[in-house]
Structures are given as C-alpha cells and as structure tokens.
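As given, the protein sequences belong to chains B and C, one line each in that order. For the first sequence, the working numbering begins at 1 and goes up steadily by one. For the second sequence, the working numbering begins at 1 and goes up steadily by one.
Read the hints as simulated data drawn from the structure, not as lab findings.
Here are the simulated SDA-like cross-link-like pairs (lysine to any residue), alpha carbons at most 20 angstroms apart as the crow flies:
| no. | chain 1 | residue 1 | chain 2 | residue 2 |
| --- | --- | --- | --- | --- |
| 1 | C | K35 | B | A102 |
| 2 | B | K65 | B | E34 |
| 3 | C | K35 | B | A104 |
| 4 | B | K107 | C | D115 |
| 5 | B | K115 | C | I14 |
| 6 | B | K115 | C | A17 |
| 7 | B | K62 | B | S48 |
| 8 | B | K107 | B | S117 |
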Amino acid sequence: MTGKPVSVTLPFVATYQSAGLSALGDPTRRVIFERLAERPRAVGELASELPVSRPAVSQHLKVLKEAGLVIDQPAGTRRIYQVDPDGLAALRGYLDHFWDQALAGFKAAVEQQTKESE
Amino acid sequence: MSTRAADTATRHSIVVAAPAERAFSVFTDGFGTFKPREHNLLEVDIAETVFETHVGGNIYDRGVDGSECRWARVLAFEPPNRVVFSWDINPQWQIETDPDKASEIEVRFIAEAPDRTRVELEHRNLDRHGDGWEGIRESVDGEGGWPGCLRRFAEHVAARP
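With the hints as extra help, turn the sequences into a complete structure.
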C-alpha cells in the first residue's frame, strides 16, 4: 500500500475496504472466495476441494463473512456460502453520508452568501 | 434530509433560503466550499476543488503540491435549473476510467418562492460500478491497491484519442 492510508480520510469506507482487503490478503481465503464467486458451496465441499481442514475452512469463512464479502444460508443440515450479491450496500451507505454532509454544508454556504449580499 | 431510495440510487433534498440562481451558482462554482473535506483521493491536502461550469468539463481536486484528481465529468449544465455530473470513483476508491462503470448525480433546483429553493439530489446507477468484488480481487492480486489518483488519471488521458 502506498500513499495516505484510506482509514485516515474515509472512515466509513475504510471499514468496508480494508476489512475486505485484509480478509482477501490471506491466500487460502482468496482461493475460498474465488471458489464461492464461481458458485455457492458448502463447507464440506470447499474442504474436499482444498488442502485445508474443515475447521480451518469454517474459520476462513467466518472472516470472509465478517468482512461482508460472503453470506451464508442454511440448506438442510448444511450451510451454503456465497459471495454477497449486495456489495453495493456499503457504497450506498457511504454516499448517503457524503451527500447529507455536502448538502448541509451547501445550505450553510448559500445562506451565508445570501445574507452577506443583502 | 435523506431517504434510502431504490437499491441503485440514493436521493436527498434540502430547502435553502436563496433564489434558484444563487443556489445553482453556489452549488457549482462554490462546490469546493462545502464538499466534505475527507473526500480526497489525493495523497496530499486539497488546495482547491474546481467545478468546470460547462458540459464536458470536470470536477477536480487540486492538491497543495499541484497534483490533480479529476473525479467527475459534467454531463449537463443548465443554470439555474439542473446539473448532472458523473461519479468516476469505483468502490475501491480509485478513479474509474470506464464511463460505462460510473454512476451519476443529478441535481435539480426548484424555486418554491423568489427567495426559497428546493434542491433535489439523486445519485443513481450505482449498480454501474459493477462487481466490486472483482475490483477487490484485482487490487489484492495486482499492484497492491491505492496507487493514488494522478497516475491513473495520466493513463486515462493517455488512453484518449
């Protein structure tokens, strides 16, 4: 990483981005994530495809889930994991905050100028 | 002041005590005076934010060291009623060089009285930013994220005929 850390300037996005990035910084997690991007899979399926134990796969999935990269749902006795299709939620959340702030600042600026010109 | 709108858009509105003409000019010419300070893709502090007031212009930040980040293209400029500009920033907070993958912001200035204006803002087509995860993969596998705006902007300019 070069330049100013994102966390300094964009607190909200930093959470979104750095959680995702650091979660994918681990090579095994990246492989798991890429397998899930191909299609949804269960824990056992991932464990059988990769040279990783089932508990380790579960642990990696937990990290991916906490980073907002994957979601899971029950299917009988198994849980099926898939890439979170609503990746835009964090972006939208950031933009909501951004425009709220911008418009509040805009109102102050325009009313200040109007007052000064009177 | 804000509402969660459809999945792929966010809408906001505010009423200001000023004529539409003034509201429009402050929003455009004065964009840098109210834009949240933390919105900065440069590696240095922003000296000024310039809103080029014509279709085809850019909104860009100029850093204290002279570096520039052009993060929006002006798509419509119709004072004092309406302005539309693109959001050329991808979910990984880098400049998006593909216009088809940019979202856009439309701002309408509606006179409610001679000295009162409703400003309605819609930031839409967020889905055009596409598969954010693909970008995360690229930035992890690739050059390591965050190279800053300038180099990408230079590439963007160089790629244009």
